[in-house]
Structures are given as C-alpha cells and as structure tokens.
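Engineer: Chain by chain, the residues:
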Amino acid sequence: MTRFVDGGLIDRTRPLAFTFDGQAYRGFAGDTLASALTANGVRLIGRSFKYHRPRGLFSAGSDEPNALVELRTGARREPNTRATTVELYDGLDAASQNRWPSLDFDLQAAGGLFAPLLGAGFYYKTFMWPAALWEKLYEPVIRRAAGLGRAAEAPDPDAYEKAYAFCDVLVIGGGAAGLMAALTAGRSGARVILVDEDFRLGGRILSEREEIDDAPSLQFVARAEAELAAMPEVRVMRRTTVFGVYDGGTYGALERVGDHLPVPAPFTPRQRYWKIVARRAVLCAGAGDRPIVFGGNDRPGVMSAQALRSYAVRYAAAAGSPAVVFANNGYAWSAAFDAAAAGVPIAAIVDVRAEPPPVQMERANRRGIRVIAGGEVIATSGKLLSSVTVRARGRTETIAAQILAVSGGSSPTLALTSHFGGKPVYRADIAGFVPGVLPPGLSVAGAAAGEYSLARCLAAGAARGAEAANDLGFTARATPVPQAQDKPITVSPFWHVAQSRGLAFVDLQNDVTAKDIAIAHQEGFRAVELLKRYTTLGMATDQGRTSNVNGLAMMAALTGQDIETTGTTLFRPPFTPVAIGAIAGHHREKDFRATRPTPTHAWARAQGATFVEAGLWLRAQYFPRAGEADWLETVKREVTATRASVGLIDVSTFGKIDLQGPDVGRFLDRVYINTFSTLAVGKVRYGVMLREDGMVMDDGTTARLADTHYLMTTTTANAAKVYQHLEFCLQVLWPDLDVQIASVSEQWAQVSIAGPRARDVLARIADAPLDVSNAGLPYMGVAQGSVMGGIAARIFRVSFSGELGYEIAVPARHGAPLARALMEAGAPFDITPYGTEALGVMRIEKGHVSGNELNGQTSVADLGLGRMASTKKDHIGRVLSERPAFRDPDRPTLVGFKPVDPKDRLRAGAHFLRHGRSAVLANDEGYMTSVAFSPTLGHWIGLGLLARGPERIGETVRAYDPVRGADIPVEICRPGFVDPEGERLRV
Amino acid sequence: MSDLLSHHPVTDLVPEGHYGPDAAQPGLTAQVVDGLALATVAARKGASGALAQAVLDAFGIALVDAPKVSFLGDLSFIGTAPGRWLATAGGAPAAHVARLQGALADAAALTDQSDGSLIIDVYGPKARMALAKLVPLDLHPAVFAPGDAAATAAALIPLVVWQLNDMPAYRFAVPRSFAPAFLRALVSGAAEFGVTVSGTARG
Amino acid sequence: MRIPCPYCGLRDAHEFSYLGDAAPQRPDPAAPDAADAFHDYVYLRDNPAGPMRELWYHGAGCRRWLVVDRDTRTHAILGTAFATEARS
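Protein chains in written order, with UniProt numbering: chain V, 1 to 987; chain W, 1 to 203; chain D, 1 to 88.
This is chain V alone, in the form it adopts within the complex (with noise of 0.2 Å):
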C-alpha cells in the first residue's frame, strides 16, 4: 500500500470500494478517483491517443492531461472523465480506454508501429495519395489507433437541467483568493456567488502545509466557508465548474450535482447547466504546474510537482518511492519539501539553476534532501518509471526513482479571460503568460494573475472583492487581510532539454512532440497558429493547458524571436468539456420542444386520430377506422364523405389577430396587395400579403366585425411571423397609425365544417336569432352570435375545400364540446371527422395554393393571382414586385397536373421537361409543388409552377423525377379540378 498512515484530508472511518479495470480496490471518503488509484498503487492509468503509450498520473486537478479513463458503464458510460477530477464514491466502475488488449498489453503500441506515419502535420501528407485509399484504409486504421473513449449505446437515463442565476459579483475559485474576494465582497452585503470545481473549498491550500495567522491554513478555510454559509446573500456552488465568458455578465457553468453518487439522488439531475448573470466577475482560478520537455517526459510516475505535493498532503498518498524532482523555481522545492514531511522519500532536486536560491539550498539541508544544482533529466527507464538519468557539470547519473515530480514554473490558469479575445502577456520575472485584456467586468486575483506567494493570495483576493463591491455602491473593504508567508517568485525560464534520448512530449494528451515543433518550425508553419494547427498541440480537450507555453517557448528558441513576439493562442469556451446532455437541460426527447395540442386534441384522440406535427402544433391527420388497409383508404373515405355529405375539421392552428382602431383599413391596404378599408361590416375577404421584396409572405383571410375592428387570420406556420411583420409596420413604419393589435390564436377555438350539409348541421348547433341561411349568412359572410344555447361564437363563410363551409369560432374551452355537438348534430348526415391529409386533398382539387407554393420565391403573379393586386394603392412589396423579371412570362406560373395515363402516381418534387429534352437544368421548366390522389376523380392531380404554363392548357410535359426514378407524361390543366366555378360554395 502507498497510503501514509495518518494525515490527509480523507476520511478514514468511510472506506469506499470501487473497481479499476474490473480490479476491486479500496479508497475513502474524501478521494478522487486519481488519488484512490494513487493509493492502491496503480500508476498505469491510460493509453496515448496516438501512440498507446502507457501513462500514468500528471497532475491533481482538472488540467490532467493523461487520465482520462471510462466511467461507470451501460447507459451510464461516460468516456474521457479526468480520474482527478473524478470523485470517489462506494461501487464506483472505472476502465481505461483507448488500449487493446489489455491497458497492460496494448498491441498498437508494439515498437511506436504507427509512430513514423502520425507526426506533425500526418493527416495533411501522409494520407494525402491516393485519395481513394482515404475512406477505405486510412480512415479506419487511425480511427482504431487514434482515439479516446467510448459514448455509450443506449440513451442516458439520468436528468439534465438547466438553471438562472444573477449575482453582483461572481467569483472564480475558492481558494486563498477566492475565498477573501467572496468573504471581502460578502461582508458588504453584495450578492455574491462562489463557485468552485473541486468538492472541497481551499484550493491549494488543501494541498499545501502553510499556515495563516499563525494556525494551520486549514482553519482559515474552515472559517471562511463558516462566514460565507452565514452570509444570506453568499451563495456557494462547489463542484461547479464555470466553463465560459460570455457578453453581457453572462457566465456560463456546470455543476456536478450527481457525478459523485452511483445514481443521482432522486429526482435530482446529473448535471446543471448555470447561466449566471454577474455584474462584476473576479477570477481566482489559481495556476497550474507546467512540464519540462526532455526524452522520456511522459513515462507513468512521471507528474508535476505540485501533483505530488497535493498527493501528498491532501490523500496521504504516493504512487511510489522515492521520488526525484526536476525543477527550475523554488516553488517546486516548497513542494518537495511538503511531500517529504507528508511521508514521500525525496532522492533528489535536480534544479537546472547552477546556483539555486542560498536560502532554498538551506531548507533542503536542513531536511537532509540532496541537490543536485545545474542538472537536467536527460533520459527515463522503466515501462513504469524505475530510475532517472541526470546530467550534471558534464557528469551523468542514474538515480533509481518511482516518481519524478517535474515543474518548468506556474502557468496561471488565465483559459477564462481570453474567451473576449485578450491575449494574455508574457512576464519574464515570472516565466509564465498573465492575463492581457479582460472580459469586461472581471477582474483577475491570486496566482491567475501571476500572484503566487500565499499573503499576495490573500491581498490580492480582497482587493479585487473589495474593488468588484465598490464598483457596485457597496462599501467594502480590502482589510484586514489574514498574514501568510509571501516568498518571492524565483524561477529561471526552462522549457526543454535539447540534449536528451527518447520521445520528448509537448503536448501529452495530444501526443505532440519536441520533434514535431522542429517538423513545424523547418516546414514554415511558425506562427502559433498555425503550429497549433499543424501539430494539433493545444488542440485536445484540455486546450493544452499544460503543452501550450512550452510549445510556443520552443518555437520562439527555433526561431530565435522572444516569447512575448511569439505569443500565444487563445483559449475558447469550455474551459473543460460539457456535456451534450447538460446543455439540453430538459429539452430532450418528448420535451425537446413544446408540443401544442389544439383544444379539440383530446377528442380527435377518442376518436383514433392518428396526428402530425405543424410546427409546434399536434393535428389531426387522419381518423382511420377499423378494417382500412392505410392511410391512403382512410383519407379516400373521408374526402368523399365530406364532398358527399358533410365533414369537420379543427383549424384552430391558423394564426388570428385581432385589429382595432379608426386606421385599420387603411392599415390593412398597406399590408394587403388587395383592398380591405371596403370591405362591409359582416363580410370576409381573403386577402394575400408581400415581402417588401415582392415575394408572397402569406395568406389567409380577414374579416370585418365592426367598422373599426377586423380579425385577420393567417397560415399556421406563419402565425408569429405576420404578427411580427405587423408590429413592425405599426411601430416602425407606420407609428402614426391608430392600430391596436393583439393575438386571439389561442383565446379561440376554430372548427371547420364542409360539405352540401354543413348548413343543415350549423343550423342544428346555432342559437336564435343567428341567421345561417344562404341570405343571412352568404358566402364570404361573417356572423356574431352564439351555439349551443349561449356560447358565444364568431361563425365565417368561407371554404378551403370548394365545399359550402362554415368556420365556427368559440372561446378555447369550447372547443372540444364544439366538435362533439356538430358530431351529434351532424350524425343524421353521417359527418366524418378528417384531418390535415384530407383537408390538403380537398384543397389540391380545388387549386388552392399553400404552404408548398408559398414557399418564399412565388410572386403573386406566379400563383395566379395577379388579379387580386389593386392598382389604386400602394402595399408592401408593390414597388419591387412591378421589377422586370417578376413580369417575365417565361416565370414558372401555377397551373394543375394530371397523369396522361390514369394509373400513373404523380410526385411533387418532379420536374418538368419538354418531350425529347434531355435532363439538363437548361431544359428545366419548372416543378410539381403539391400532389394528391383525388377521390373525387379517381386519379392522381397536382399542382405545379410551369413556365407560361397558363399558356400552354392541354399541352403534355414530362414530369421528371430522378429521385425516385420516375419520369411519365402529364397533362397540363387549369388550376381546380373540382367545381371550377365555385357554384358549390355559393349555395
């Protein structure tokens, strides 16, 4: 066992069992996945992406670029989790990925077999020729050799919800920085928000054996948090990630709430998705250990110093012994040190410095550790690490090791303030980049913004809390501030060791090599952009977090340019991965939208209505009954019995508004090509409008129902757009109109009835005095009254299916005893309930045009409606539609279709084509927009846009459709196969 026998931030009366590879192992209460393995001895954690290289742990925390391992399993499997980042709970199933056969024994990795071929730039040489091999060789092989872990198969049964929050200030992190920012902005009474991804608060304090005020640092943290949870206005979100920047305040974060359970708590989600608006931002996300580039660099128990260290101290842990440093600042021998006291054999510090800091050399004395000054790590052995080979003042030395902790210097964790596009800025005291320009409203403290001694820590936390409340009309202040030691930053920059053997990795998730930055450098691709491209260093999903700055550290040596001139990527949103899942939110499955049911939905359901979406809207398709072989029999019969008889449909999904004031016919002229302000009080016109590019935008009809007051109804699916083309006509073009708009879609319900006996129904359902006779209610008449026995109802006369027809408006909740009492008044007439299928039959025989014709690029002119544009007034879209080629007559224009030989199917889609033309786009003359069966002639019609087609009545085209390999003869008919005339509407 590599667990210490005491110490640690774990609890040791909650032992956790969970498995690794199928192997049972045991961790506490208070691991992560990382450390528990740590414990157990486990240093072979993973399999490179590219070259199966075995690897082990780099670092402690979310920067981790190595141990991505599969989690749990089934439905519940989730690849490429960071084993640091994952916390241990009680059955907890993790496996290593990427590996084959085993994670001990992978074949691919077998002598680097694929190493020669994926170097810099691979996929854009060696795979280039021949193209054809591409899809069958190449692609498949990298696929099986380059990967990272597998989704699962089955859904994700767990919940995912998204959340709002607002604060006035938000902090980033809570640690020594995050904690005084949150405790200074608290104290003020601001709102504030504390969120940090570990479970635990204290940063790296919880790593690290320092003391503040004189005590253990822990009992700061203790307090804070005690302070913080008292503070009604402090809200603390641990196991939160804050993953973007976005405009406005806008931040955008994952919490975590059941990743540490085997299952969510009930009815709680997985994961929650925070959009948290803040007024100010201060970020204290702290920095992470950089690596040093030399041969054998990514050899399992190869790690970060601080990694180490935070083994160490907080889990008590080491994955062996002893344990060699290679560093080149002091922070790292801090480090040491702490381990050292927590239990870890420390053989050496190999320092590249000649001469370290006196007053380190003096601490590392006094604990009796070795140093080895001026050194480099030149070369590693072991499949897991066994010993180091140091070169120092021209003498080597092998030195047997299980751990090599590695630190080439801090790198603030800065990935957040350049989601605005600030460039973070090199400081060469410090050998690392700092954040440039920031997002507005945040501001950056602690060890993310350079500030690494713990008192900077703690000062800095408090002033920027301080400042970010100040800002904000809180009074504030930054003092006092806990004391902490404030050693000084003492790093001399160390990127690479040129002269060392063996693989160098920059980039450790991505497989990036010292040897690819030279492939990029010689082959021209210099700038950090495209060296990121062309080597993919950065480019995984940790963003390069720990490969970045040596990368572009290396480039800048190659080309002999300084870093600042070099300079760096930026890093993107999300900071760390987010799952699909968790951005959903509820919006999966049933619930990926909204799904409107109309008021009679209920009762189209009773009677076996099989339903279709619109839009957001659920209706009626057909109403199939017992013993129809398909939809196509249903749809026949309920056709027929509506043009024989009489039929009902629900139409409450047309958009309805609602027009008042002393302008609206005026109003309505401007938005109409046809007139509306003559129109008579009790009357209905269908009225088309325009784009103001002079395409039709849509249709519907309007009636009047006082001499200020009109309702408008418009297509389904254009609903909210009209209403908005009408706000914006009333308020942006026209404000000195007295128009009052509102939308009634929802406050009424709207049922359909058609067919020779409409009447003798409606008669049946209407309350005296209501005049339904062919007098008192004409065709294209609107009626106001009431129905069965004192509902109040709006009852138009107007017709989609060529049937004599009535709409029958009622307030919403009357909608489904509507339907049912036209059901019971109808059943002398045997009428049949049908639904959008039938209804677009109907109106296909009619030559009514819909939404395939109103399809965006169809003029007036094309539909065949020319006629209705009055010339006496100008309207949307008048101006531009009168352009040229809108009057060209060669325009494909509306006429009908019918199959020269009756048993032949027509498809809309279809093109057509002269005989004897070949299938080129010169010959093309148009399409088919709509077809139908039609009941009522026993064949195949549609409607289509043909070139002059009005023109050429009788003539026969080809309707070609290569899609589905049809190409027949059709006929060219006017546009209303069925009563031409209308005689039927008007009786």
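Calculated directly from the structure, the hints in this document are not laboratory data. Even glycine gets a Cβ: it sits at the ideal position worked out from N, Cα and C. Be aware that one or more of the hints could be misleading.
[Said to hold, decoys possible] Chain V side only, calculated, beta carbon under 8 Å to chain W, not exhaustive:
#: 1; residue: Y164
#: 2; residue: P266
#: 3; residue: T268
#: 4; residue: Q522
#: 5; residue: D591
#: 6; residue: R596
#: 7; residue: V744
#: 8; residue: E746
#: 9; residue: Q747
Based on the hints, put chains W and D in the right spot on chain V.
Structural biologist: Chains W and D alone, transformed into the frame defined by chain V:
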C-alpha cells in the same frame, strides 16, 4: 427528461398529485386557477392619459405604465408593454369585458383573452428555487417583488408572470396550448423540492 | 448578450430577434425613382465595424421594436429606445 413524466402524454396537463420527496411538506404548489377572466387593454394612439384617467375614475386604480400590477380588489392591470395591460378579474369573461368596455372603450382597444391563457399560480417556500430553473429572470426579492410583472419566455414558452405576495407566490398567464409543456418543465425541475400540482383535472 | 429593453429591463438576447440596420427608411413609393430607392432600401446594407443603430424585436417580451445602439466589435450596448420614438 426524467422518468417522472415520461409516461404522461405531452399534450395533457400534468396530472394532479405530488411529485418528488416528502408529500407532507411540499416545497411548492402549482395550481391551475379557474374562474379568472382576462382581457388585453391597449391604449389608443395618444390616449394613454385618457385611459389612465378612465381607469382611475371607473375603478379607482392608478394605472402604472410599466411592468407592474395595478390593482384594487380583484381587478388587476398587469403591464405587459408600453400602453398595454392584461386586465384580470374574477367572474365570467363576458361580464369582465363588458365592464372594461363600458369604462374604457373610448381610450383603449379591449380583447377578451379569458380562454387564451391558463392561469397557473406557483407558490411555496421553494418556489423561487424551482423557478430559477425555468424563468430567466432575477426573482430575488430586492429585484422582483410583489406587484412586479414581466413578459418573458420560459423553456421556450412565451408567458406573463407577476408576483402576488412574498410567500412567495407567482401567477403565470401561459398560452393555453403551451400549458402542458409549461407544467412539464416546471414539475421536472421542481420535483427536487416536492411539488404539488392541482387544478389540472378539469383541464 | 443582454439587451436593456426600455420597458422590460435587462433581458437575455435570446428573447429578441434581430432585423439589422435601423437607418434605411421606407422610400416614397410614388416617387419617380421608387424602383431604385426600394432596391437600395431592401438590399443595400452597410456593415460597419463599430457602433451601429440596429432594429431588434423583443418578441419574447413586450413585443416592441427597439433601436439598439451596439458596437459590432465588442457587442457593447450603448443605448436602446423604442423604434416608435427613435425614428419618429
């Protein structure tokens, strides 16, 4: 989507009952309110002053042209847009509209909306926490208090919400066809706190 | 992005839909050059890098059309007004 509602038709209102832990002490209640009449009141061009005067004269209510609730007794005017209110009152729709018509017709366009929206009250100690998952507004008591109103969209559903009291209780006017989706979204998020749904049986 | 609606207050940009430049005014349809003027009105737009007055519709709120002054480089909102007032 959780298992909680996966078996209920998306077209139907969430059935009455308790969802989540601890039925004895629901964190919140979602109640469909019957018997409230609604109407849109939109000031005629240049008649805002006249409308305010008419409302004051007829109903004794000082109409506020802002997203606020102006009310007396059971008649409330909820500001939804400049010069525009949703007027609610108990009783029959026809009587409500007639009463408004009688007093305000010269200054405003009136439209019955009693069937256009379902009124859903959400109240209880955890209402604010549950609504944080649904409503993209800051409902902190210092920001949104009794008498405040907002037209917004929650879970992609357009709605109007106003606060009734500091229990807290919130009243939602949800377009009728969106009410099932609204309740699904509400209950999915609120079940964590225990939510009782009532008034949906009559749907 | 968050847009301060003059009526509703600060709201997420998701509640709004975007039209574009607020500058073009619908030309006089009776003018002799109406065809050209309408062509420019419908199709020609500047694409400035910097402050721009734009039309936005608060469709998920008060349904007012707004003129929003926005810096296209930074998304900073410099001011908003109702279109009825900003343009009349």
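Engineer: For each hint, tell me whether it holds in the structure or not.
Structural biologist: Evaluated hints:
no.: 1; hint: Y164; result: 5 Å, holds
no.: 2; hint: P266; result: 6 Å, holds
no.: 3; hint: T268; result: 5 Å, holds
no.: 4; hint: Q522; result: 53 Å, violated
no.: 5; hint: D591; result: 5 Å, holds
no.: 6; hint: R596; result: 4 Å, holds
no.: 7; hint: V744; result: 6 Å, holds
no.: 8; hint: E746; result: 4 Å, holds
no.: 9; hint: Q747; result: 4 Å, holds
Against the hints set out earlier in the document, a violation occurs for number 4 only.
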